[in-house]
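Undergrad: These are the residues of each chain, in order.
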Amino acid sequence: MAASLSSSGSARLMTALARSSVLYNSFESRSLHVTAVCCKNQAARIRIGKGDKPLTYEQAHHPHQIAHRKGWLSQHTSNLKGVEGAAERTVEDVFIRRFMFGTFHGCLANEVVIKRRGNMLVVCALMLQKLPPQKFYFLIGYSESLLSHFYKCPVKLDIQTLQDKAVYKYL
Amino acid sequence: MASLTRNVFLSLGRTNVSGLGIKEITNRVTYATALFANSTSRNKGLPDRGGRGSVGRRPRREPGEPRTEKMPLDQDWTSVYPSATSFKSNAVPLPVRMGYPVKRGVPPEKKGNLELVKIPNFLHLTPAAIKKHCEALKPFCTEWPSALDTDAKCDEHFPIKVESTDYVCAGPSVRNPSARIVHLKVKLSHFNLDDHARKKMLKLVGERYCKDSDILSITTDSCPLRQQNYEYAKYLLTVLYHESWKIEAWEAKKTAADMEEYSWEDSLSQKNMLDTLLRMKVAGEGEDAEVRKQLLEREEVQDYKDSVVRLKNEGASESSMLQYKEAVRKVLNV
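So the sequences go chain by chain: V and D.
The UniProt record's numbering applies: residue 1 is where the first sequence begins, and numbers increase by one.
The UniProt record's numbering applies: residue 1 is where the second sequence begins, and numbers increase by one.
Just chain D, same shape as in the assembly:
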């Protein structure tokens, strides 16, 4: 094989270089053959290294001992695991074992153990590391204002509470469309509203008001960005307040059916009660209007009025029905 190639090269040398002297030709030939001879001899000498691919001129380095052997006892662990990384058996000096043992055996050791790599570890969050994190964050923090030490004071000075959620998930994108939702909560007692304004505000707001806690909650999600939703919520609050103070012309047409609460004055119940009493001839004879006024001031009639108002506003319950029963009994002297 080598001889053949040598011949080929010799012939090439002679044909290509015609002008030069013979010395150069022979030099070139020897250089070429020398190269080939080297390569072929190497191939013959080490046939089992074919798997390595390239001709490895440097001898293979032996793997050194694991780093755990060289670790002093008082080393700085925060520099071994400064951030979250997978478990490295060469870098953790603990004799950890993990896995289901073979029959009459022990759990497999940490070297080459994939189970230890799979689980999340907190080797980068030792107390010393957390102390360092806190020290690094301290220059960016400010003290909580000492005047705001109770919840009540916080509510008093900052009555409007805005809530929004940030979402974290494992994936290439950090965007989440649900992060744009903004909740704005405020207690209506903080606003100065007179009777008409309060009633109008409650009518405008509808279901967003909770009677038990006196909290108005506005939720906005119609805009694509959180900042836009926040500004929209603030705008809504402002508009609600100003609109509830305005009195429009058509509000004068408010009927009894529009009223939020039941009022006994000038109602059917009052008329019926007075008619009944007049028929019973409880009071003495006199002018109609005066008699009515006197009747109204009577204690039983007031009781009746309270019970009816309670029934109508709060609904039928045991105690309210009992109260109504007692009131009716007293009025009718039964």
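Here chain V stands alone, though its shape is the one from the complex:
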């Protein structure tokens, strides 16, 4: 009984507050919620497992090995001093990687390497021999013409095919 009375009283108080105040946005008080920080890097890392997962050289090395044991997947001059356009080149790179992944679905053996020579875009990719060569040629021509129309610069695809992925280690 007492509880119900107090609850009704509080409800009345709340409604009175709601009617009177204009500043309050919500009925409950706002506070900052903080979870415990997990001090762990997990970017582009494949953790050790049973030993049956085959990994390529690219996947096996963590991102801090770039410039030490790994090279760069994309090369352009926009990150030098005094040169503009770094953000645009990055966005282009992201789009090209997704495009290649989708167009040659299931055929990519490794990451796509993008090089820029002057205003020419060179996309180098290692593929598996899943499709017959005619289909490969068609897809290559299609990608080159579509990308060059899209980016208004000559686009060249350098494709090499392999039987199967080159395994570096098993994790």
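Treat the hints with care, since some could be wrong.
[Unchecked claim] Below, simulated DSBU-like cross-link-like pairs (lysine-lysine); rule was C-alpha separation at most 35 Å, straight line:
| no. | chain 1 | residue 1 | chain 2 | residue 2 |
| --- | --- | --- | --- | --- |
| 1 | V | Lys135 | D | Lys111 |
| 2 | V | Lys156 | D | Lys111 |
| 3 | V | Lys135 | D | Lys70 |
| 4 | D | Lys312 | D | Lys330 |
| 5 | D | Lys161 | V | Lys81 |
| 6 | V | Lys40 | D | Lys103 |
| 7 | D | Lys185 | V | Lys81 |
| 8 | D | Lys234 | D | Lys211 |
| 9 | V | Lys70 | V | Lys130 |
| 10 | D | Lys254 | D | Lys312 |
| 11 | D | Lys70 | V | Lys70 |
| 12 | D | Lys103 | V | Lys70 |
| 13 | D | Lys103 | V | Lys169 |
| 14 | D | Lys70 | V | Lys165 |
| 15 | D | Lys111 | V | Lys169 |
[Stated by the list, open to error] Here are some, though not all, of the chain D residues that point toward chain V, as calculated from beta-carbon distances under 7 Å:
| no. | residue |
| --- | --- |
| 16 | Tyr100 |
| 17 | Gly112 |
| 18 | Leu114 |
| 19 | Lys118 |
| 20 | Cys169 |
| 21 | Pro172 |
[To be verified] Coverage of chain V stretches by chain D, computed from C-beta distances (three or more under 8 Å per stretch; other residues unrestricted):
| no. | segment |
| --- | --- |
| 22 | 49–63 |
| 23 | 66–77 |
| 24 | 83–92 |
| 25 | 112–124 |
| 26 | 154–168 |
Treat the hints as calculated values from the structure; they're not laboratory data.
By construction, the Cβ of each residue, glycine as well, lies at the ideal position given by its N, Cα and C atoms.
Use these hints to put chain D onto chain V, whose structure you have.
TA: Same frame as chain V, but now just chain D:
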């Protein structure tokens, strides 16, 4: 499944074609069923080929051996790599290995190695290829004129030097706004300027003139195109030269403060020096003007004049202060 479809087709055939004879109907029915029977039997026979998508009638070709096996030793490498391309492990006959080795292992081989693809290679620029490039470019080149064999001669015949920069960057656009800047450098000794013209030119030009090297450098970047900037720089040079030879009416009002160099004649220092000497009664009695002239011709006074001029023009340094000290001592006989 096949029987059902057959029935459907039979019924269709009968309903649609009413005017024709029965023979045609049966023919059509058999053709249709035959088609269906074929397709269904094929589907049942090869269920694991569903991933390939289309019905592959041709058998899958085996990949041949890599091109490196068939390369003769004395082949023309410039035709294998005629232009800049990425590393192709099937086309490069070298046993290259690249990468960090696994524990108790070796660096990974070139087949399927992405690290070799990532780096820029110069396989298209072997000495043989460069020779071919030079041979191809030779018809477009002319000899350097034999008369211009020293730098001095080049300066003498071509005193004006124009400098501009071209920028290359990897991106869809070849334009760079900094490429429009033009620097024009010329030595003033090449112009015939008399004293007034030279002084006027230096005043007009201001900071663009370097005294140590006697070079006037004009930098233009106000126009959007390089050619426009170059023509503007040439125009500026022409205008400077002609303007410095003109004598305007208001130039007669030049005061001592406008003078570039300090001149001792008719200056306060000369007046003071002469007054001091007269008071000291160094020379004999005579007319004022004559006495002054005699005093001026004295050696100590000339020394004093040199030291003061040097101090005023060059600024205070150890040697100039010492010289001034010596001159003053001599004049005052101290």
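Undergrad: Hints first: check each against the structure and report whether it holds.
TA: Going down the list of hints, with the structure as the test:
Between lysine 135 of chain V and lysine 111 of chain D the CA atoms are separated by roughly 23 Å; this keeps the pair inside 35 Å, and the hint holds. At roughly 22 Å between alpha-carbon atoms, lysine 156 of chain V and lysine 111 of chain D fall within 35 Å of each other, so this suggested pair holds. Straight-line distance between C-alpha atoms of lysine 135 of chain V and lysine 70 of chain D comes to about 26 Å, which keeps the hinted pair within the 35 Å bound. A C-alpha spacing of about 20 Å is found between lysine 312 of chain D and lysine 330 of chain D, which places the hinted pair at or below 35 Å, so the restraint holds.
Between lysine 161 of chain D and lysine 81 of chain V, the direct Cα distance comes to roughly 28 Å. Compliance with the 35 Å bound is thereby established for this hinted pair. The straight-line distance between the Cα atoms of lysine 40 of chain V and lysine 103 of chain D is roughly 26 Å, inside the 35 Å bound, and the hint therefore holds. Of the pairs offered as hints, the one joining lysine 185 of chain D and lysine 81 of chain V holds, with about 27 Å between alpha carbons and a cut-off of 35 Å not exceeded. Our distance criterion of 35 Å between C-alpha atoms is met by lysine 234 of chain D and lysine 211 of chain D, whose separation comes to about 21 Å.
As the CA atoms of lysine 70 of chain V and lysine 130 of chain V are separated by approximately 27 Å, the hinted pair is consistent with the 35 Å bound. The straight-line distance between the Cα atoms of lysine 254 of chain D and lysine 312 of chain D is roughly 19 Å, inside the 35 Å bound, and the hint therefore holds. Simply put, lysine 70 of chain D and lysine 70 of chain V have alpha-carbon atoms about 32 Å apart, close enough for the 35 Å limit, and the pair holds. Our distance criterion of 35 Å between C-alpha atoms is met by lysine 103 of chain D and lysine 70 of chain V, whose separation comes to about 17 Å.
Taking the CA atoms of lysine 103 of chain D and lysine 169 of chain V, the gap is about 10 Å. The hint holds against a cut of 35 Å. Taken as a hint, the lysine 70 of chain D and lysine 165 of chain V pair is honoured in the structure, with Cα atoms around 24 Å apart against an allowance of 35 Å. Of the supplied pair hints, the one linking lysine 111 of chain D and lysine 169 of chain V holds, its CA atoms being roughly 15 Å apart against a limit of 35 Å. A least Cβ separation of about 4 Å between tyrosine 100 of chain D and chain V falls short of the 7 Å threshold, and the interface hint therefore holds.
The interface hint given for glycine 112 of chain D holds, since its Cβ lies 3 Å from the closest Cβ of chain V, which is under the 7 Å cut-off. The beta carbon of leucine 114 of chain D is positioned within 7 Å of a beta carbon in chain V (closest approach about 5 Å), and the interface hint is therefore held. Checking lysine 118 of chain D against chain V by beta carbon gives a least distance of about 4 Å; that is within 7 Å, so the hint holds. Hint status for cysteine 169 of chain D: holds, given a least beta-carbon distance of 5 Å to chain V, under 7 Å.
A hinted interface residue such as proline 172 of chain D counts as satisfied when its beta carbon comes closer than 7 Å to some beta carbon of chain V; here the least separation is about 4 Å, so the hint holds. Coverage of the segment 49–63 of chain V by chain D holds in this model, with 4 residues showing a Cβ closer than 8 Å to a Cβ of that chain against a need of three. With 8 residues having a Cβ less than 8 Å from any Cβ of chain D, the segment 66–77 of chain V passes the three-residue criterion, so the hint holds. Three residues within the 8 Å Cβ limit are the bar, and the segment 83–92 of chain V against chain D gives 4, so the coverage statement holds.
Given a C-beta distance limit of less than 8 Å, the hint that chain D covers the segment 112–124 of chain V holds, as 8 residues qualify and 3 suffice. Proximity of the segment 154–168 of chain V to chain D, defined as three or more residues with a beta carbon under 8 Å from a beta carbon of that chain, is established by the 8 residues found.
Going down the numbered hints, you'll see the structure goes against none, and every one checks out.
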